[in-house]
Amino acid sequence: MSSGYNFAYLDEPTKRMLRRSLLKAVAIPGYQVPFASREMPLPFGWGTGGIQVTAAILGRDDRLKVIDQGADDTTNAVSIRDFFAKTAGVATTLSTRDATVIQTRHRIPETPLQHGQIMVFQVPIPEPLRWLEPRETETRRMHAFADYGAMHLKLYEDVARYGRITTAYDYPVLVAGRYLMRPSPIPRFDNPKLDASPALMLFGAGREKRIYAVPPYTSVKSLDFEDHPFTIESWDRPCARCGAADSYLDEIITDDRGGRRFVCSDTDHCNQRLDAKEKAA
Amino acid sequence: MYVAVKGGAAAIRAAHELLADVRRGDRDVPQVDLAQIDQQLGGAVDRVMAEASLYDRELAAVAIRQARGDLFEAVFLLRAYRTTLPRLGDSEPLNTGAMQVDRRISATFKDLPGGQVLGATFDYTHRLLDFELDAPDLSATTPVCTAPPPPRVGDLLGADGLIEPNPDDGSTPADITRDPPTYPASRAARLQALSRGDEGFLLALGYSTQRGYGWSHPFAGEIRRGFVDVEFVPEELGFAITIGKVEVTEVDMVNHFSGTEDTPPCFTRGYGLAFGHGERKAMSMALVDRALRAAELGEDVAGPAQDQEFVLSHCDNVEASGFVQHLKLPHYVDFQAELDVLRRLRAERIEEEALKEAAE
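For the record, the sequence lines run as chains A and B. If you read the first sequence in this note's numbering, its first letter stands for residue 1, the second for the next number, and so on. If you read the second sequence in this note's numbering, its first letter stands for residue 282, the second for the next number, and so on.
The set of hints was computed from the structure by calculation and includes no laboratory data. Misleading hints may appear alongside valid ones.
[Unchecked claim] Think about it this way: if two alpha-carbon atoms lie no more than 25 Å apart in a straight line, the pair counts; the simulated SDA-like pairs of lysine to any residue are:
no.	chain 1	residue 1	chain 2	residue 2
1	B	609	A	125
2	A	277	A	252
3	B	609	A	254
4	B	526	B	400
5	A	277	A	241
6	A	193	B	620
7	A	86	B	367
8	A	154	B	626
9	B	391	B	441
10	B	609	A	251
11	A	221	B	625
12	B	609	B	350
13	A	193	B	613
14	A	15	B	369
15	B	609	A	131
16	B	609	A	167
17	B	609	A	256
18	B	637	B	624
19	A	193	A	174
20	A	15	B	460
21	A	193	A	164
22	A	154	A	137
23	A	221	B	623
24	A	279	A	98
25	A	15	B	367
26	B	609	A	73
27	A	86	B	292
28	A	15	B	454
29	A	193	B	616
30	A	86	B	297
31	B	609	A	261
32	A	221	A	152
33	A	193	A	63
34	B	609	A	252
35	A	221	A	138
36	A	154	B	624
37	B	637	A	164
38	A	86	B	294
As the structure is a prediction and not an experimental result, all values here were calculated from the model.
Generate the whole structure from the sequences, applying the supplied hints.
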């Protein structure tokens, strides 16, 4: 694999094309930049956008972390990490703190990100207005005019019908007060981490051929109403493994009699806390 | 008990070893070699080359064997290889008029210059399973067509002005593998997307135009199949040289058109081209191409096959297959978020009902 292919798989002109798109995306926070997405040796819908972005920004000294559902050991995260270990030979890490580039699907790590770190999100559907308007020609016009009334109306209809906003994940945000953006299918719990983050956030949608970005220290506001403020998920018990009371928990069914356990979805966070506990003991 | 998916890497490795084992099957049965796939499963090779948009019979055979005959998977393998190849330049447009045809039929004229050449075709075969096929009698050799290239039916009609000319403004066509899609897409971009589009999807869309979902009144003006030269102009030479031959199926559909204020009534075209013996694909493509011209010809855009965004953004089976199957990936985090919302809604409802009951 490592022979016969360029560093990080993609050829250099393709990477340059990607970097140009990334620069434009950073210059216009939240704006979806069309790019000539390539077929990757992994299927579309399995992180090809994120993989192309990572391939374009990876240097030899980078330390790459890949997570899926917050975990380093889920099958697709393992597969993507192996892909870059093979094609770029870069160092990989499970530690959020040590990573320079973190490719993710569906989560932002619990450990606060630092200046200089880059998050790369895998995005299935980049267009926040897609379920309201299937046509690209229309949605691009709506973005151009910042015509986001339809989204507010959708959220309002939720409130009218259910008494609350029922969007559970991929909750729409307004970036730098201008562009409506899908944060990718992260839970609402992670939305506040996007706001004024010191890290650079890059989003790649391979199948849909769009790249967008949130530069460091940029305002990212989850849409809501004064009388129905944005809320995040909460649990009435801590992580059964490390005892964290402030992390996003996965629910694990332990038997067929309704038994449940809740553990951190962020495996690195959970393991670090356990290690610290063991050291202290 | 903590039941997280530990050891993902080991599990993936084991799954791939199992796949290799299943792919090879019973070791007492000889492995198919690439020449066998190329020679005896030519239809599969043609389809994989067409939808991967890479003309290389041997690589297609490699992909088909590696994919254990799963042609979608083979297309994907070949596409992922194709995308790493450098682009050296554009060939000259294929001159299909100079094609050495081994099949050429027209449904619009009983006889015409160059005649009707059936060539190798499933048409008119009775679809009866042939239990003797493992020992076919091939002692009688069938003559192949060696006549000079026949004139195009479109040109014959065009001489009388009965069909619209094929417009060529000389501009460089779009390249859908290098330019992100924009709508409305040019006809060149549409034809590229269709020619690598999924045969089944295009077949169904083409079929839908015949059943009223999009106005269409097509005749198979001409179907021709054979080898054509690929010519390229190297910068240092400045003139075209032939760099190889490709086998293609070309379909020119003739469609009714009532004309507009500016143009007198004439026939319009739908165009299809596929690598190899790709007649079903090329015909479907020609129907869909014509349907997608609805807007430019001032027709109502009513059926799915006439809707550019719908057709072009869903016709690629590498994209479609990947996204449909990504549902296999873990979604625990989103599902947990959905559970959270659902439980809150249910709790609120139960609370409301309890209050209501207490009030009653």
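Item to check | Holds or violated: residue 637 of chain B to residue 624 of chain B, with C-alpha atoms at most 25 Å apart | outcome: Measuring from Cα to Cα gives roughly 20 Å; hence the hint holds.
Next on the checklist: Tell me if the straight-line CA distance from residue 221 of chain A to residue 138 of chain A falls inside 25 Å.
Outcome noted: 24 Å, holds
Checklist entry - Do the alpha carbons of residue 193 of chain A and residue 616 of chain B lie within 25 Å of each other, as the hint requires? => result OK: residue 193 of chain A and residue 616 of chain B at ~20 Å, within 25 Å.
Checklist entry - Within 25 Å, alpha carbon to alpha carbon, are residue 279 of chain A and residue 98 of chain A? => result 20 Å, holds
Checklist entry - Taken at face value, is the distance from the CA of residue 125 of chain A to the CA of residue 609 of chain B at most 25 Å? => result 17 Å, holds
Checklist entry - If you draw a straight line from the CA of residue 609 of chain B to the CA of residue 350 of chain B, is it 25 Å or shorter? => result The hint holds at about 22 Å.
Checklist entry - Within a Cα-Cα threshold of 25 Å, do residue 609 of chain B and residue 73 of chain A meet the stated pairing? => result 16 Å, holds
Next on the checklist: residue 86 of chain A and residue 367 of chain B were given as a pair; does the straight-line alpha-carbon distance stay at or below 25 Å?
Outcome noted: Given pair residue 86 of chain A, residue 367 of chain B holds - Cα atoms ~21 Å apart, limit 25 Å.
Item to check | Pair hint outcome, residue 609 of chain B versus residue 261 of chain A [Cα-Cα no greater than 25 Å] | outcome: At roughly 23 Å apart (the allowed maximum being 25 Å), residue 261 of chain A and residue 609 of chain B satisfy the hint.
Item to check | Straight-line alpha-carbon gap residue 391 of chain B to residue 441 of chain B, limit 25 Å | outcome: At roughly 18 Å apart (the allowed maximum being 25 Å), residue 441 of chain B and residue 391 of chain B satisfy the hint.
Item to check | Pairwise hint evaluation, residue 400 of chain B against residue 526 of chain B, where the allowed Cα distance is 25 Å at most | outcome: 19 Å, holds
Item to check | Proposed proximity, residue 174 of chain A with residue 193 of chain A (alpha carbon, max 25 Å) | outcome: With a Cα-Cα distance of about 14 Å, the restraint between residue 193 of chain A and residue 174 of chain A holds, given a limit of 25 Å.
The earlier numbered hints are all upheld by this structure, with none contradicted.
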